[in-house]
Amino acid sequence: MGNGKQLLEMKHICKAFPGVVALNDVSFDLHEGEVHALMGENGAGKSTLMKILTGTYKQDSGDIVYKGEILEKRDEKFMLSMGVAIIHQELSYVPHLTIAENLFLGREIVHHGVLHQKEMNEKAAQWLANVGVDLNPKRLMKSLMVSEQQMVEIAKAISYDANIIVMDEPTSAITDREVENLFKVIADLKAKGVGIIYISHKMDEILRISDRVTVFRDGCLVDTFQSDEVDIDQIIIAMVGRKLTDVFPKRSVEPGEEMLRIDGLTRKGVFEDVSFAVRRGEVLGVAGLMGAGRTEVMRCVCGLDKYDKGEIYVNGKEARIRTPKDAITNGIGLINEDRKGVGLVLPLSVKHNLTLSNLNKYFKTPLLVNRKENELADKEIKELHIKTPGRNYPVRNLSGGNQQKVVLGKVMLDESEILIMDEPTRGIDVGAKVEIYQLINDFVKNGKAVIVISSEMPELIGLSDRIVIMHEGKLVGKIDQKQDITQEKIMEYVMKQ
Amino acid sequence: MNKNNFSKAGAGETMKIIFRKYAIVFALIILIAVLSVISDRFFTFTNFITILTQTSINAILAIGVTFVILTGGIDLSVGSMLAVSGVAFAMIAKVDANGEALFPPALAVLAGIFTGLLFGLLNGLIVAKAKVAPFIVTLGTMTISRGIALIVADGRPVSGMSSVFKSFGSGSIGGIPYLVIIMIMVSVIAIFLLGKTKFGRYIYAVGGNEEAARASGIPASNVKMMVYIICGFMAGLSGIMQACRVVVGQPNAGEGYELQAISAVVIGGTALSGGIGKMWGTIVGAFIIGVLGNGLDLLGVSSYWQKVISGIIIIAAVLLDRADKK
Chain A
923 MGNGKQLLEM KHICKAFPGV VALNDVSFDL HEGEVHALMG ENGAGKSTLM
973 KILTGTYKQD SGDIVYKGEI LEKRDEKFML SMGVAIIHQE LSYVPHLTIA
1023 ENLFLGREIV HHGVLHQKEM NEKAAQWLAN VGVDLNPKRL MKSLMVSEQQ
1073 MVEIAKAISY DANIIVMDEP TSAITDREVE NLFKVIADLK AKGVGIIYIS
1123 HKMDEILRIS DRVTVFRDGC LVDTFQSDEV DIDQIIIAMV GRKLTDVFPK
1173 RSVEPGEEML RIDGLTRKGV FEDVSFAVRR GEVLGVAGLM GAGRTEVMRC
1223 VCGLDKYDKG EIYVNGKEAR IRTPKDAITN GIGLINEDRK GVGLVLPLSV
1273 KHNLTLSNLN KYFKTPLLVN RKENELADKE IKELHIKTPG RNYPVRNLSG
1323 GNQQKVVLGK VMLDESEILI MDEPTRGIDV GAKVEIYQLI NDFVKNGKAV
1373 IVISSEMPEL IGLSDRIVIM HEGKLVGKID QKQDITQEKI MEYVMKQ
Chain B
9 MNKNNFSKAG AGETMKIIFR KYAIVFALII LIAVLSVISD RFFTFTNFIT
59 ILTQTSINAI LAIGVTFVIL TGGIDLSVGS MLAVSGVAFA MIAKVDANGE
109 ALFPPALAVL AGIFTGLLFG LLNGLIVAKA KVAPFIVTLG TMTISRGIAL
159 IVADGRPVSG MSSVFKSFGS GSIGGIPYLV IIMIMVSVIA IFLLGKTKFG
209 RYIYAVGGNE EAARASGIPA SNVKMMVYII CGFMAGLSGI MQACRVVVGQ
259 PNAGEGYELQ AISAVVIGGT ALSGGIGKMW GTIVGAFIIG VLGNGLDLLG
309 VSSYWQKVIS GIIIIAAVLL DRADKK
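Heads up: the sequence lines are chains A and B, in that order.
Okay, so the first sequence: first residue is 923 according to my numbering, each after it adds one.
Okay, so the second sequence: first residue is 9 according to my numbering, each after it adds one.
The hints are simulated quantities; they were obtained by calculation from the structure and are not laboratory data.
Where a beta carbon is used, it is the ideal one built from N, C-alpha and C, also for glycine.
Hints may contain errors.
What the hints assert, rightly or not - Residues from chain A shown here face chain B by an in silico Cβ test under 7 Å; the list is partial:
| no. | residue |
| --- | --- |
| 1 | 987 |
| 2 | 1263 |
| 3 | 1270 |
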């Protein structure tokens, strides 16, 4: 625990959104000079709690005591002025402005009503240097790599001289060297008495830099541990509420013949010479850090992007996949990480989304038959337990888990034989996750092949029969035996590079 | 966002939903009722036929524009396409000194339609294949087609039209003008196309989320091209109807019609962002504009004030629509 006195106390916070209790009686505190880590599955309530702290949301009940005073009315700007800054997980910047302009957004330095560019650029350069980044502050934000943008975001949060800094997965997109820089910055901040709330999924990071760890599950605070007295297993059990063996039901399927093989697939500048195969009745996991090129490979296999070199074989025959239609015809279905961007047409109904990719399969003429379409939709709604008031309900209004089931329903109706799942459970609650794991098992039992990409290690390890590991656009290793798959072994392959 | 609506709605609740869904139909009925009370010349068969005839061209243009807007696009060129198609049609529909038609009537109709299709294809190609923003493309073709209409017609109305077309423009069957019959046919086909065919579904999907539509194997760029071609067809058809009605092909015809058509679409509840909307809404929207204009004329409201009022109606319709969605 930090030695300093209590800086912040959030008492009995409750927050509900329509249809879901996001936070249920959560009490949380932070001391000066302390790094307090928050852990929990996506949707467990960490981000909601932080949004309440920074003034984006207002709690339904409960108090926030900051430096001994109860904060009543507040918004983001007010909280920032009170010394509460946040590094957002999803970067928010204006792409066509420079780094300096972004850093000074809303607090520009003005002399007699005119912007003082020089001074802002100089200050910006200094802030960047403080976090160990060497970038020209006059560069446009959009010209930076994601990791650099993330570092600018970090520099921005620190530049407010805040008393509390919330870091929401700050390392999800940056390189190892930058992580080390960040940790140095964190150590400096601690020494100055700044309290840091650190959200991350990375166990090793958390155990290394935090003083305390608090675990959330389904909107409740499960437990708070002293970081030097806890081990990874305890945290995981607290996070998922049971041992992982229960979450990933065992299956005993003998893998059959090869269904999909990709050979030397290359997309210039993105990934190169990637080869792997997946057999009937097995789950192949693709591991790697963010930006390793996993998603990009899958986009090519599904026809969303074009590849420059290499071949794709489906059931032993070469398949030319140039458009998503080619992929669908070859029985390849994609469950995308970006369900709102690629998976679903949000304004359309559940029914229309379910049948969107398979109208040609079920309707041979240009005409649609309402009764038949209703039957198809109802079948999937029932089979996948999609919770919706009706088939004509807009998919936009469903919860994340149910939206994801609609995406699954689509590929079920397509009768895809090869399912590619890119972060299949991102942003959905634990209950829905387990249901989706169960469905993946059913697919495999029914003789389909599944490829899973996940940045949640326990998920990847629990689901996969075999694993291939990608790093910076290349395939760097594979683990062929289920019993050999461990987090350490995967990280070893990544780190060796 | 309200999961409590999961339970079966009561009778009152059902009425509320129906009222919301058809709010614009009720608005039209109320408008007609009010005008019937305050003007004794409004609620007559002849006046209704007048309204139907006056609205037919805007309705057909608006139907074409609805397809485009549903994909998230816009077509500003329909008014000019109407003019250039009307001129092309009138030139082929001419009679010689003896009053004999120069070409078969069908050829004149084809010329008008073909011209509209051609400009629609141009819009479609540049929007869907060259991926230029539809607003810019159709702003350009709006000027281009207007220019071509003026060049070809030498700035003057093209007159001397065969009498077949004159009787089509002003004639009727069983008291219903031909123009109105065409509008009804086009409406029925458009409603069917949008609601009952794969193509219609693809339009909604492309407008709702183009990337997701593409990922679902939908030929998104072909769908986009097709809607501009349909829109061009509707403009061509309207051009012929307009020329027949006034018995000349005017290169200045249809100025500002694109905004009238867009107004009808918007009043009808279609979102400019695409993916949301109904064809019948557009048709009702066109009639709200038509009935309002007719009623205000009968009441002797100046055309200057009419502009102010129609502007207010457009904004009010969108506000109402948004309140409903919340």
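Status of each hint after checking the structure:
1. For residue 987/A, the suggested interface contact is broken, since its CB lies about 31 Å from the closest CB of chain B, more than 7 Å.
2. The closest approach between the C-beta of residue 1263/A and any C-beta of chain B is roughly 6 Å, which is under the 7 Å cut-off, so the hint is satisfied.
3. The interface hint given for residue 1270/A holds, since its Cβ lies 5 Å from the closest Cβ of chain B, which is under the 7 Å cut-off.
The structure fails to meet hint 1 from the earlier list, while all remaining hints are met.
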